Each structure stands twice: as C-alpha cells, then as structure tokens.
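Model the placement of chain B on the given structure of chain A, informed by the hints.
Chains A and B supply the protein sequences, listed in that same order. The opening position of the first sequence corresponds to residue 2 in the numbering used here, with each subsequent residue numbered one higher. The opening position of the second sequence corresponds to residue 28 in the numbering used here, with each subsequent residue numbered one higher.
There may be inaccurate statements among the hints.
Stated by the list, open to error - Facing chain A, according to a computed beta carbon distance under 8 Å, are these residues of chain B, among others:
{"hint": "1", "residue": "G48"}
{"hint": "2", "residue": "E52"}
{"hint": "3", "residue": "R56"}
{"hint": "4", "residue": "H58"}
{"hint": "5", "residue": "S62"}
{"hint": "6", "residue": "L63"}
{"hint": "7", "residue": "L64"}
{"hint": "8", "residue": "P93"}
{"hint": "9", "residue": "E117"}
{"hint": "10", "residue": "H118"}
{"hint": "11", "residue": "P122"}
{"hint": "12", "residue": "I123"}
Claimed, not checked - Among the chain A residues that face chain B by a calculated CB cut under 10 Å, a handful are:
{"hint": "13", "residue": "A141"}
{"hint": "14", "residue": "V149"}
{"hint": "15", "residue": "G150"}
{"hint": "16", "residue": "A157"}
{"hint": "17", "residue": "V163"}
{"hint": "18", "residue": "P165"}
Keep in mind the hints are simulated off the structure, nothing from the lab. The structure presented is a predicted model; accordingly, all values stated were derived computationally and were not measured. We put the CB at the ideal spot given by N, CA and C, even for glycine.
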Amino acid sequence: MSLAQNRKIAMQPRILMCPPDYYGIEYEINPWMNRLIGTDPLESTRQWRALHATLVELGVEVSLVDPIKGLPDLVFTANAGLIYGSIFIPSRFRHGVRRGEEPYYSSWAATHGFDVVTLPEPHYFEGAGDALFCGETLFAGYRFRSEVGGHQWIGARLGVEVLPMELVDARYYHLDTCFCPLAPGVAIYFSGAFDTYGQSVLASNIEHLIEVSAEEAVSFSCNAVVVGSTVILNDGSPELAHKLRSIGFVVKPLRLTEFIKAGGSAKCLTLRLDGEDAAGWHATTLNQGIAST
Amino acid sequence: MSIDLNTPTTATPVATPIDSGVIEEVEVRGHIVDSLLLPKILDRILQMGGSFEIRECTIGSRRVDPSYARVAIKAKTPELLDAILGDLVEHGATPINPSDAVVVSADMAGAFPDNFYSTTNQHTQVRIVGRWVEVADQEMDCGIVIDHEHKTARCVAMLDVRPGLPMVVGYAGVRVIPAERPRGASPFSFMNSAVSSEKPKAVSLRAVADSIRTARSNGQKVLLVGGPAIVHTGSAQHVASLIRGGWIQTLFAGNALATHDLEQSIYGTSLGINMQHGESVDHGHEHHLRTINTIRRLGSIKNAIDSGLVTSGIMFEAYRKNVDIVLAGSIRDDGPLPEVITDMLVAQAKMREAVKGVGFALMIATMLHSVATGNLLPAWVKVVCVDINPSTLTKLSDRGSFQTISLVTDVEPFLRSLAAELVGSI
Numbered sequence: 002m003s004l005a006q007n008r009k010i011a012m013q014p015r016i017l018m019c020p021p022d023y024y025g026i027e028y029e030i031n032p033w034m035n036r037l038i039g040t041d042p043l044e045s046t047r048q049w050r051a052l053h054a055t056l057v058e059l060g061v062e063v064s065l066v067d068p069i070k071g072l073p074d075l076v077f078t079a080n081a082g083l084i085y086g087s088i089f090i091p092s093r094f095r096h097g098v099r100r101g102e103e104p105y106y107s108s109w110a111a112t113h114g115f116d117v118v119t120l121p122e123p124h125y126f127e128g129a130g131d132a133l134f135c136g137e138t139l140f141a142g143y144r145f146r147s148e149v150g151g152h153q154w155i156g157a158r159l160g161v162e163v164l165p166m167e168l169v170d171a172r173y174y175h176l177d178t179c180f181c182p183l184a185p186g187v188a189i190y191f192s193g194a195f196d197t198y199g200q201s202v203l204a205s206n207i208e209h210l211i212e213v214s215a216e217e218a219v220s221f222s223c224n225a226v227v228v229g230s231t232v233i234l235n236d237g238s239p240e241l242a243h244k245l246r247s248i249g250f251v252v253k254p255l256r257l258t259e260f261i262k263a264g265g266s267a268k269c270l271t272l273r274l275d276g277e278d279a280a281g282w283h284a285t286t287l288n289q290g291i292a293s294t
Numbered sequence: 028m029s030i031d032l033n034t035p036t037t038a039t040p041v042a043t044p045i046d047s048g049v050i051e052e053v054e055v056r057g058h059i060v061d062s063l064l065l066p067k068i069l070d071r072i073l074q075m076g077g078s079f080e081i082r083e084c085t086i087g088s089r090r091v092d093p094s095y096a097r098v099a100i101k102a103k104t105p106e107l108l109d110a111i112l113g114d115l116v117e118h119g120a121t122p123i124n125p126s127d128a129v130v131v132s133a134d135m136a137g138a139f140p141d142n143f144y145s146t147t148n149q150h151t152q153v154r155i156v157g158r159w160v161e162v163a164d165q166e167m168d169c170g171i172v173i174d175h176e177h178k179t180a181r182c183v184a185m186l187d188v189r190p191g192l193p194m195v196v197g198y199a200g201v202r203v204i205p206a207e208r209p210r211g212a213s214p215f216s217f218m219n220s221a222v223s224s225e226k227p228k229a230v231s232l233r234a235v236a237d238s239i240r241t242a243r244s245n246g247q248k249v250l251l252v253g254g255p256a257i258v259h260t261g262s263a264q265h266v267a268s269l270i271r272g273g274w275i276q277t278l279f280a281g282n283a284l285a286t287h288d289l290e291q292s293i294y295g296t297s298l299g300i301n302m303q304h305g306e307s308v309d310h311g312h313e314h315h316l317r318t319i320n321t322i323r324r325l326g327s328i329k330n331a332i333d334s335g336l337v338t339s340g341i342m343f344e345a346y347r348k349n350v351d352i353v354l355a356g357s358i359r360d361d362g363p364l365p366e367v368i369t370d371m372l373v374a375q376a377k378m379r380e381a382v383k384g385v386g387f388a389l390m391i392a393t394m395l396h397s398v399a400t401g402n403l404l405p406a407w408v409k410v411v412c413v414d415i416n417p418s419t420l421t422k423l424s425d426r427g428s429f430q431t432i433s434l435v436t437d438v439e440p441f442l443r444s445l446a447a448e449l450v451g452s453i
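Okay, chain B solo, but in the shape it has when bound:
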C-alpha cells in the first residue's frame, strides 16, 4: 500500500493553531490513502482559504483495510466554512455532528446554575446552533455564557453571574483543545515545568529573554507580577531598567513592592536597610510607614512623582511609561498606599481585564499574586516563575497553571542578567 501523502498534494498534515474563526470536524473513511482522497481533501481546504488539523488518523494495514481520518476544518467566517464543507461532502468527507451545548438561564446572581460547566484554562469551544465557536476570555474555574444573537461565548466568573444569563450546563457540546507544546524549535523545548534548582541558569535566562522578545514582536504585552523581595534584594533598578526599555507593559503587585520601591527612592532604604551599604539606618524601620504616610498625604503615587518627590525606581518608571498597574492589597498591609485596591473582588476584576493581550508573564518572588494571576491566565500564555523557594513554584503548578516554567534562584542575579540581556536590544 502506498502511504505517500505528498503526491500530488502540496498539503502537509501539520497541526494548525486554532485561535479564532469557526471550526467543524469532518470524518473520511475508506481507502483514502491509495485513492488520494485524503490529500485531495486537505488540499481543497487550503485552496479554498481554510486551514485544517488532523485530529485522528488510522491507516489500514492491509490493502483492503479501510483507513480513517478525523479532520478539523477552520475558516474565518461561517460562510466560508459552509462553502468548504459543501465542497468536501462531494469527496466523501462528512461532518461529525455532535449536539449543541445545553444552556439554561442563571437563576440567581453571584452563583452558577447547578451542573454548570466548569472551565479549564485551555482552549475551549462550545457548539451553538450546529457550529463550534471559540470561548473568549478563557480562564479556569469559570462558567461559560452564550450570546445566541451574535453566536459567541465567553468565560464568566461566578460573582459576575446575573439572573437570566444563558449559562452552559453539562458537558455536551463543549470540547477542550489541549495545548500542543511546540517541539524542537522553541527555546522552551529543553525545559519542563518540574521545579528544580539544578537547571542551567544561563540557558534558562536566554530562553526567558527570547520569549519576551517573541511576545513583544507579536504585539503582545509582557506582564510582571512582583513581590517586595525584588526591592529588598536590590533588584528594583533592574526592573526599572526593563520598564524603561519598554519590556514590561503590565505590572501586578501588592502594597509592599510599591511601598519599598518608593521608600528606596525617597530614603535610599528598603525596610530600613540602606541599599548601598546593607546596614540598618537609625529609625529606618519607620521609613516604609513614613513613605506611605507621605504618599497618602499627597493623594497618590502619581502626585508624588509629579511633585518631584519620587525620581527613580519601579513605580516611577512604570508611571512614566504608562504601564498598566494593578496594586492589590492584603489583610497585613500598612497604610495602604492610595492606589492599592483593598476590595479583593474589585482587584480581581481589574487584573482580569488587564491580562487581556498578555503573551508572556514573569512572576517573581510573590506566591499569592502569582497564584492569583495564574488563575486568570489562559494556558497558552507562557509563564515563568522565579523564586528562591521551590514551594511557591510547586503551588502555582499544582493550582492548574501547568504551563509555568519554574526557576529556583535568587531574584537579583536573575533580574540583573535579564536586564543585561534585554536592555540595549530594543
């Protein structure tokens, strides 16, 4: 039996990334290899402007044995998809028609209907009136709301449920497209998400830098989720340099990072430790509270910058570069600073909005903010988490952000090297 899929076809059965558009699966069976029906069908899809992904393919072992292929066809518009499907039916490809997603109206605010479909952070599609549709705003631990008029679907958080919202229940008409890690060509291919302190740091660092460059060249945003250890370890200047270089567009942090960063700018200390000499300063332990108090008296961090009080550091550069900043508070915060959002649900909503368009997330030395952000990110956003404590990294992966690449290392040398790698190359 000939299994030459290349003659005379020009199509190669490679996985095509599914991002937008409408999708339909077809199956074709019989002697589809020797009759060249399969390559012909794949060629037709491409010639008509669609793309395909072979989801399943079984080749018969004997000449008389039939073969089978299940092919996902993607097109930009429903009209184009219909045209492709209409053409392919002539060549023996028949659509697989599962049922539509089952939808019920939400019966109360702030809670999903019973038996709601609970989302993952992976690509998900729902079937609406016989058509597979991508779920927008993909996020784990949400529900799916359907807009029948526009034939769209999106993830919605539990607290955002309003009575009457059409919610997907059960598993019918819902499918998850598992993320495929690129093989070979990716700088991440040599790494896996197992937490280890024994990875070659220089190689890891170059991979991180390349991923940031790729995200930026694709027009995606880079998100930094940072903890105060960045400032304590003397890394604020490296982060400031990365922001100044245009490598960070979104910043998630808490009261502490901002406070100690501002403290360093105003007093030259972090938690009262002189950042030049590493020694305690007299009454240094008051510096962070006096910083908070001063900023509160001025009304905002922005006012402190505009007034010339703050002239350097992460927050200074972030405001100057119009970085999208979300500071989320916690129960242990002093002050807090005026920009710190103390209503957790408001903070979560702001972060949810801010992660849209993020293509790469760097999480450094903060466990709770990292887990919170990991919950919001779809699985196809690359995440690198850097922490001296392996348990932080393990917690992140254990909570479903399995796409995370973990680096167990001190943050200062990491950030110093990353800044050296990236800054100057923009």
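Extracted from the complex, chain A is given alone in its bound form:
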C-alpha cells in the first residue's frame, strides 16, 4: 500500500530558511534548552547546510531570511507564522525573548508578496509550529505556546475548520514536535503528547494515523519535513523510517542533534511557503495568489 502522494506538483516547492549564523542557546524556554551545554557553531552550520542541500536536491526553491544577531531562534522559521495561500499570519510569541523575531518575519513576508494579517491581541500564536493543515482541516496545538482563542480567530478569518488540541507534555511544546501530516488523511504522531481528547480528535479526523514510539518521539522523529513523497527527519528513528518506507515514502535521515538542543529539528528549521504537501489547499488555485520570490 502506498500512501505517499503521486500527484504531480504543479509548482516548485518553496521553503523559507534562516542560516544559523547567530544560533545558540542564549536562554531557556523549553525543557530541551540548557545554556550550560550550549551548541557547537561549526557543527550547527554543517547540519543546517546538509538539510539545505537535501532540500535543494529535492527540487525545493529555498528562500533565506537574513540572520540577526541576538535572535538565536530566528533559525526556526517554522515559527515565523502561518501561511494560507497568499495570507501570512505572523506569530505572536509567548516568550518575550522571541518577540524580536516577529517584525523580521512580517517584513520578509510583506516584501515577498504576502498579505500580512495580524492576529488581534491578546492571543499568543506560534505559526506553523502549532498549526498544521492535514487535508482541509487545520490541526492546532495549545497550552505551552499558542492559545485556543488565537486558533479560533484564525479558523474564522480563513474560513477553515480548526481543531485545537491540548499539548500535555512540556517536551512536546509545539504541535510540530509530536504531529506531522504527510499527505491529506495521513499523519505521524506521538500519542503521549496529547490527552485523551486530542487523541480522539486525531483518530476521528485522520484516516491513517501512524504512531511514533516514545523512544523515537524523543529524538524529534515527528519534526519532519515532507516534500512530495520524501520525508526528511532526524537520524535515530529506524522504526518510523521502516514504517514510512513500507507505505511508499522515501526517508532521508539527517543528523540534526545541534538543533535538538534548542528543542527543534528538520521541520522547525523550515517554513513551507506554498503549502505543505498534506494541506488540502496545496497546489490549488489558492497558490496562484502567492507572488514568486
């Protein structure tokens, strides 16, 4: 059985990244971060470049936002905001240390043809880190970073169904650390990051749910980048890799340990600009509103 999409992608996949020039552990806002351990800048750069090269090899057009000194997490572009067609809803970060990123992402989006739609106060919302389309539905995570009220506003603004799910394990503080849509109706997830309500919501709304073990979830297996039928994830998830291959996906494991130190991996380092492959609106007429970079 193959669940990977064979559809011909109408447009070249486009992803936003930020070079890790100023990446490091300068504060602690999740259980992964430890300033005493820190990061290895050379190794960080090597790992980031490997991811960049893999994406380019897959035919992705990678855009770059300029790194800014003092904003170490700018490298995690998934948290820039949420993209829906030509609309960009910038994040409003829960932690003050990341709020400095907001104007840079908004400015980048505005100058690259997106309509920047600002979430009203006082809601917190951390972009594609906590809001992922699977089919027509926007699955959303709340509690640690984003808020239900923000999700509901976005659902109403975009006219899409949004299903907020509470995240219950602080290690999986963003939805994209424990849930990854692969194609419409297909997703991987780690059940331990959700309560029974969230598990029930996923089971009721996603036809093919692939469970990730606790051992592999902790190495950020769910923080994967999907390009067509290829899944890029952190090295160290042989069981999941096997499951994905058995349903028709090509798996590309990469070593991204330097970024796991900050609580991120492949997915966190990317923002899909033309819609994730799993999004129902991907490659539809909505895309035509996106200006080319």
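Same frame as chain A, now just chain B:
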C-alpha cells in the same frame, strides 16, 4: 460532522438547578464539537467540583461553520469559581462580563428610589463587583438591597426601606433565571395550571400527596392556607388528622377559620349548625361570638387549650404540634380572637418570615389569604389551590403565582382523601 458529545466525555449537558453559590457565564466558540473542546470544558467543570448549565448552544451546520455555547458555571465559593474560570480560559472559554448592578442609596423611608428594580417571584441574580450573586428571600413586587461588604443581595418590601439602604435601580446587572418545570418524572407533569373542574381528582390527589411527601423528605415545611369553609364543610377533622400526622408545619388563616374551629370544639357547631346532624341549633348563631368572647376572657387560644376547654380541632392540634400559626384579621372580623393580628403590615411581615423554608403550599377555600401568600412565595415553591369557585383560582394565577396547580372541587372530599392518603404513611 461528528456531534457526539459523549466521547470521551462523561458529562451530559443537562440543566443543573441553580440554588446557591456563585455563578459565572462563559462562552466558547469555534469548532468546539469536533475538537471536543466543549465536552472537555464541561468535564473540567465537573472534575474541579463545579456544576454547569448550558444556556445556549448553536451547532454549525457545515464542517467549516463555527459552533457556539454559552455555559453558566456554578461553584460553592468564589475561590473555586475563579480556579475553574482560570482553567477554562486555557481551553478557549471566555467569561461574559456584563456590568454590575447599579445601586443607589434609598432617599427616604418606606419607598423605593425612583427607577427601582421591581422583582418577580423567580430566581434572580445580581452582579456585585463582577460576580453573579443569588438574591435571597425571593419575593415578587419587592426591591433588591445589596450588602457590598458580604457580597449578598436580598429582596426587601417597600415598607421596609430605610434611608441609606443600597437599592438596585434599572435592569443592568440583574437577571432572572426562569423556572424549569421538570419533564416527565414529576407527578405534576400531567397537570397544568389552567383552571378546570374536569380533571381526574384521584390522580390530582395522589400528585398532591406525593409532592407533600417529597417536600417533607427534603426537609422542607408544608404550609396550609385555610378558610372557614374547611370547618363549615366538616373537614376540620381531616385537617386535624393531617396536622397530628406531622404533615403540616405552618398554618395561615384568618379569624374565621380559628373561630369556627374552636366553636366546633366547644359547641359542636359551625356558624350554629350542628356538625353531626347538619341542623340549626337554638341560639346557634351566637356560638361563634360566645366562643370568641370566652377565648378573649381566657386571654388566648393557648390558654383555652391549656385549661381543657378546647380538646379537639385544627387549632388544638396545631398548638400541640407547635405549628407556626399566623392568623391575620380583616375588617369584617368579629372579636377578633386574641391571636389574630389586626395590623396588616405586621401580619404580612410575620407571614413573610414564616414562608421561609416552605417547600409546598396548600391553599384551601380562601381567596384573600391565598393571594396574599402567593405574593410572598418564590416561584419554585409548589402551590396547590383548592376551591369550589374557579374565580379564586384564576385570581391567584393572574396575580403572578403562575406555579399554582388549581383544583376546582369541594374541599371536604378532597381533604378526606388527602388525609386518608397521607395519614398512616408517616
């Protein structure tokens, strides 16, 4: 779209009686059904020790349509309510914050300020410093006085207003919670308050008896409001039997019921008619006045009982059982008996005090006392009014005591059957 509210929740969105404690309304909107946010919120309320009532719920018809729910949350203490609200905010439930009740100081005694809030007999809440509070001593045609220090509110009658009393004016920050009649399970469910002589009496009677039993088992008092026809029709013994059986705790009547009841005990007549043979007795028309005179000479009904003069009847049993008795006089009274309160305002105040804790009221063959009592009772106290004259029953309902169940029937067979139903079952 799935509208299964039961998976995985254990909560069911049923109406919860609001009686005491603090209440706050929240609203939650969005795809709250498919995301299970609504059942989760309801579960959280129960898990944290609160209760809820869904006041409004609109389910979106298409998958992308948002749904909406307005939920009243009740908790025993403000601290618990705050904890529940704090928790629910995380799940997208936001408090609805209307304004506080507007309060002005009463500017004179015995009258409300202009634009005062005029109460109904239904559950009412006022908002004090951002919090909904139950109004105590609920009574129609009153004002609401606020105690800011203790965050409480209560109904106050016009004549009890004193200068400086903080009174609610206007409609802001006041809300009425309409009474919900229980459906199906209640013995009253088959009846409505339309006055009719063509109701199945045996069924009605069993329903009345069951309601009295329920009130007593809930620790509530049963109030009898009675007119002299009870004695004239030979029903005094049935009422005496009900009192003796412990089924009546409070008695409201006038000079006439007490007088003819005592007349029957002393002379064996009521208005001069022999209660055994139904015939006029010589000089029988004097009996009620001689009864009153004798009791007045003894100083009180109680003295007449203690002296052994009165040995049976409603008043005899009522005093023996320590029933709370309020005898209110009228302009046409003979005597009256010493216990009869002739100052109407004093009588009204005594009755107002005595209806506290009443869970069931039986009003029999007296129009003015019934209307007066109906004015004092909150709408959630069940009232059954029995009269041979339908206009009495209509008057009661027309004056706002809409919760009244009316039975058009002769009182004697009714009371005989009620006594037979209840006495012996205690």
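Evaluation of the provided hints:
no. : hint : in the structure
1   : G48  : violated, 26 Å
2   : E52  : violated, 17 Å
3   : R56  : holds, 6 Å
4   : H58  : holds, 5 Å
5   : S62  : holds, 4 Å
6   : L63  : holds, 4 Å
7   : L64  : holds, 6 Å
8   : P93  : holds, 6 Å
9   : E117 : holds, 6 Å
10  : H118 : holds, 6 Å
11  : P122 : violated, 12 Å
12  : I123 : violated, 14 Å
13  : A141 : holds, 8 Å
14  : V149 : holds, 3 Å
15  : G150 : holds, 6 Å
16  : A157 : holds, 6 Å
17  : V163 : holds, 6 Å
18  : P165 : holds, 5 Å
Hints 1, 2, 11, 12 from the list above are not met by this structure, while the remaining hints are.
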